[in-house]
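Participant: Going down the list, the sequences are from chains A and B. Add 13 to the 1-based position in the first sequence for my numbering, that's all there is to it. Add 12 to the 1-based position in the second sequence for my numbering, that's all there is to it.
In short, the hints are calculated from the structure, not lab data. As the structure is a computational prediction, the values presented were derived from the model and not from experiment. Yeah, the Cβ is synthetic: ideal placement off N, Cα and C, and Gly gets one too. There's no promise every hint is true.
Simulated DEER-style distance windows between Cβ atoms [to be verified]:
#: 1; chain 1: A; residue 1: G91; chain 2: B; residue 2: D379; range: 34 to 42 Å
#: 2; chain 1: B; residue 1: E356; chain 2: A; residue 2: A189; range: 23 to 31 Å
#: 3; chain 1: B; residue 1: S113; chain 2: A; residue 2: E186; range: 27 to 35 Å
#: 4; chain 1: A; residue 1: R256; chain 2: B; residue 2: W370; range: 19 to 27 Å
#: 5; chain 1: A; residue 1: D134; chain 2: B; residue 2: Q300; range: 31 to 39 Å
#: 6; chain 1: A; residue 1: D218; chain 2: B; residue 2: A213; range: 24 to 32 Å
#: 7; chain 1: B; residue 1: H282; chain 2: A; residue 2: A216; range: 50 to 58 Å
#: 8; chain 1: A; residue 1: R250; chain 2: B; residue 2: P128; range: 32 to 40 Å
#: 9; chain 1: B; residue 1: P92; chain 2: A; residue 2: A216; range: 37 to 45 Å
#: 10; chain 1: B; residue 1: E353; chain 2: A; residue 2: S215; range: 32 to 40 Å
#: 11; chain 1: B; residue 1: V358; chain 2: A; residue 2: R257; range: 13 to 21 Å
Some residues of chain A that are not near chain B, with every Cβ distance over 12 Å (derived) [stated by the list, open to error]:
#: 12; residue: K117
#: 13; residue: V119
#: 14; residue: D219
Under 8 Å between C-beta atoms, here's a sample of chain A residues computed to sit facing chain B [stated by the list, open to error]:
#: 15; residue: G91
#: 16; residue: R94
#: 17; residue: L105
#: 18; residue: A113
#: 19; residue: A158
#: 20; residue: Q235
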Amino acid sequence: MSPQRTLFLRWLTLAFVTAVFLSPFTPLQARSPGEQKGAQSKPSPRAQLLPLDPLTAEERKLAEQLAREDGRVRELLGAGRSRLISVELLFLKPEHEETAAPTKPVPIDRHAEVLFRRLEDESGVRAVVNLTKRSVAAAARITSAEVPLTPEDIAEAAKFALEDAQLKKELGEDVAGYSAAATSPGTRNERFAITGLRLFSSAEDDPCTKHRCVRLMFRRGQDYLGQPVVWVDLTERHVYVERREQ
Amino acid sequence: MNRRQFLLSLGLFFALFSLSTAAWCQAAPPWMPCSGVNLIDQQFPVSGPEETHWRLCMEAAPKNGLMIHWAFFRKSPHAPWIRIFWDARVSDIFVPYHSGSPRYYDMSSFTFQMTPIGAADCPASVGGTPLGGKVCKEVRDRGLAWKDDARVRRGQELVLWGALDAANYNYVIEWTFRDDGVVMGRVGATAVNLPGVPYEAHMHNPIWRLDIDFNGASSDSVEFGTHTETGATANDTDPLITQEGSREWNPHAFNSLDVSDANLVNSHGHRSHLQLIPLPTGGLSRHQESFTQKDFWVTAYNGSEMWAAQLPVYTTPPQNVSNADIVVWYKGSIHHHPRDEDGEYVGNYWRGEALVMWTGFMLKPHDLFDRTPLYP
Chain A
14 MSPQRTLFLR WLTLAFVTAV FLSPFTPLQA RSPGEQKGAQ SKPSPRAQLL PLDPLTAEER
74 KLAEQLARED GRVRELLGAG RSRLISVELL FLKPEHEETA APTKPVPIDR HAEVLFRRLE
134 DESGVRAVVN LTKRSVAAAA RITSAEVPLT PEDIAEAAKF ALEDAQLKKE LGEDVAGYSA
194 AATSPGTRNE RFAITGLRLF SSAEDDPCTK HRCVRLMFRR GQDYLGQPVV WVDLTERHVY
254 VERREQ
Chain B
13 MNRRQFLLSL GLFFALFSLS TAAWCQAAPP WMPCSGVNLI DQQFPVSGPE ETHWRLCMEA
73 APKNGLMIHW AFFRKSPHAP WIRIFWDARV SDIFVPYHSG SPRYYDMSSF TFQMTPIGAA
133 DCPASVGGTP LGGKVCKEVR DRGLAWKDDA RVRRGQELVL WGALDAANYN YVIEWTFRDD
193 GVVMGRVGAT AVNLPGVPYE AHMHNPIWRL DIDFNGASSD SVEFGTHTET GATANDTDPL
253 ITQEGSREWN PHAFNSLDVS DANLVNSHGH RSHLQLIPLP TGGLSRHQES FTQKDFWVTA
313 YNGSEMWAAQ LPVYTTPPQN VSNADIVVWY KGSIHHHPRD EDGEYVGNYW RGEALVMWTG
373 FMLKPHDLFD RTPLYP
């Protein structure tokens with residue numbers, strides 16, 4: 014084999030090894046998902062929140078504040094008393110969102126849905142707050158049925174119910190346990206617990222057609238009280254204790 | 013080495029460089045708007061060279077429970093990532109009792125919290141990993157993918173589930189992402205029958221809202237897959253749904269909602285579809301409320317339209333849903349006819365738990381792959 018041919022073969026081998034070795038390090042090479050995860054988990058200097066990161070306590074407070082300061086929301090709430098029901102993260106699509114699989118961060122504003130309850134007529138107000146732009150994007154009146162029941166509602170209903178003489182008599186010596194549970198509804202690990210469901214009606218003579226009503230359930234250990242059936246009209250603060258056919 | 017040999021080896025270098033780069037290079041993974049336990053990245057098979065891949069965000073929240081956002085699928089290591097969902101959730105669970113009252117909206121009327129999820133719910137021995145204390149991630153064998161005599165391939169799946177503490181009830185909300193690109197959504201009802209009337213029959217109707225952004229938000233269309241038998245022959249048609257509205261599922265017609273994107277075809281030039289196929293358990297209910305009168309709904313995307321009971325309002329007047337940003341809805345049903353297996357009275361207290369009852373749907377790729385997936 015001539016020296017020239019040997020040199021050529023050495024060059025060829027070197028070119029092959031170098032090409033294969035360099036290819037994974039080329040800038041064309043995409044990062045693996047694991048590598049991107051690593052890059053994402055590295056905190057940025059300002060620890061900027063991603064669009065789907067859970068709302069922070071400060072954001073919840075800000076969302077309520079922005080909503081309450083908004084003219085449309087104030088008008089919808091009216092002059093009467095109102096109560097905050099919930100503040101939840103919203104993942105809304107930005108306008109002109111066209112890139113099918115973006116590899117770079119997409120500007121998606123962080124939004125929160127804020128719900129209020131109007132005590133005067135049991136209707137509510139829904140506000141969509143743009144936390145990024147610190148503005149209220151939309152506000153609308155919602156019906157009583159769309160104002161969800163809260164743990165506070167159940168606690169309030171339980172408090173009224175446990176003041177009822179007939180119910181006290183029915184519960185007997187368990188009253189003390191249920192009274193303690195009424196201060197923390199839904200606590201599952203306690204021996205006694207009280208939970209509740211919203212009651213609706215369409216009957217003209219039923220107070221729950223217009224009022225905010227809660228059906229209460231009493232749990233002792235793992236078992237639920239069968240009778241009596243207890244429900245509370247929160248609007249009128251009236252307790253109903255009934256025995257039903259099983 | 014003469015000039016000719018030098019140029020030849022240089023050319024060979026660049027050729028080899030390009031070839032090996034192409035071999036190594038994969039489409040860059042999509043940027044994700046979530047982090048920590050909410051970011052899910054799962055390749056299949058779980059070990060060995062990748063064949064397919066899912067990448068998505070989840071959110072575990074009060075009221076709607078476990079939701080999926082920004083989900084992408086890659087059908088092969090060198091294929092582009094394809095967006096499937098912007099948002100997938102159970103919009104509401106409507107629960108009418110047979111006596112006419114109560115009629116609960118178990119999501120929109122409450123702010124139910126998710127239950128804790130621990131090692132007992134989600135044991136490592138079945139591929140489980142509790143995420144954030146409220147969600148279980150299971151990566152597991154799903155049985156046969158295909159079989160041809162002695163040749164066989166088993167499949168795998170990623171399952172995410174969490175449960176809403178709906179007072180006496182628990183609702184299990186489950187999302188499955190399979191290695192063959194199939195997505196399944198299920199809701200399971202379990203725990204304690206309604207105290208006071210534990211023997212009263214009732215229905216749990218979960219309504220899913222699926223904001224499918226197939227290959228991106230725009231340019232999506234929906235066809236209504238329909239099978240018709242005429243004498244000894246049969247015919248399958250897919251009429252385009254041009255305006256917002258509803259459709260009824262007929263089991264004899266094998267109806268499905270078939271979502272496609274104007275710009276997405278496979279290597280055969282066939283337009284890719286995702287077929288929404290009901291997986292009912294027993295049947296699909298009808299009630300006096302108008303939104304329950306149909307099984308499928310198609311709406312144009314509107315970020316404020318989230319609640320199923322408003323569907324008749326959302327679709328009036330009907331907007332265009334052809335070549336648009338669309339949302340599809342499906343209502344399933346769980347008919348709960350109480351039985352002694354649910355529990356019993358012990359004195360004045362009800363003791364026992366109703367075993368999990370399921371209903372759901374499947375979102376199945378049709379002409380998305382170029383060939384049989386999971387095939388050597």
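Participant: It remains to establish, for every hint, whether it holds in the given structure.
Facilitator: Against the structure, the hints:
Separation of G91(A) from D379(B) is about 55 Å and departs from the stated range, judged on CB atoms against 34 to 42 Å. Taken as a hint, the range 23 to 31 Å holds for the pair E356(B) and A189(A), whose Cβ atoms sit roughly 27 Å apart. The hint said 27 to 35 Å for the Cβ distance between S113(B) and E186(A), and at roughly 33 Å that hint holds. Checked against the given bound of 19 to 27 Å, the beta carbons of R256(A) and W370(B), roughly 35 Å apart, lie outside it.
Between D134(A) and Q300(B) the CB atoms are about 26 Å apart, so this pair departs from the stated range of 31 to 39 Å. For the hinted restraint 24 to 32 Å between D218(A) and A213(B), the CB-CB distance of approximately 26 Å keeps it satisfied. Taking the beta carbon of each, H282(B) and A216(A) are about 56 Å apart, inside 50 to 58 Å as hinted. A C-beta distance of roughly 34 Å is found between R250(A) and P128(B), which places it inside the suggested range of 32 to 40 Å.
As the Cβ distance of P92(B) to A216(A) is approximately 57 Å, the hint placing it in 37 to 45 Å is violated. The hinted range of 32 to 40 Å is satisfied by E353(B) and S215(A), whose Cβ atoms lie roughly 33 Å apart. In this structure the supplied range 13 to 21 Å holds for V358(B) paired with R257(A), their Cβ-Cβ distance being about 18 Å. Against chain B, the non-interface label of K117(A) is violated: not every CB pair exceeds 12 Å, the least being about 6 Å.
With a closest Cβ-Cβ approach of about 7 Å to chain B, V119(A) is found to fall inside the 12 Å limit, against its non-interface label. Not every Cβ of chain B is farther than 12 Å from the Cβ of D219(A); the closest lies at roughly 9 Å, contradicting the non-interface assignment. Annotation: interface hint on G91(A) violated; nearest CB of chain B at approximately 22 Å, more than 8 Å. Nearest Cβ of chain B to the Cβ of R94(A): about 20 Å, over the 8 Å cut. The hint is violated.
Interface restraint check for L105(A): the shortest CB-CB distance to chain B comes to about 4 Å, inside 8 Å, so the restraint holds. Hint on A113(A) holds. Least Cβ distance to chain B is approximately 3 Å, under the 8 Å limit. Of the supplied interface hints, the one on A158(A) holds, with its beta-carbon coming within about 7 Å of a beta-carbon of chain B, less than 8 Å. At a threshold of 8 Å, the smallest CB-CB gap from Q235(A) to chain B is about 7 Å, leaving the interface hint in force.
Violated hints, in rising order: 1, 4, 5, 9, 12, 13, 14, 15 and 16; the structure is consistent with all others.
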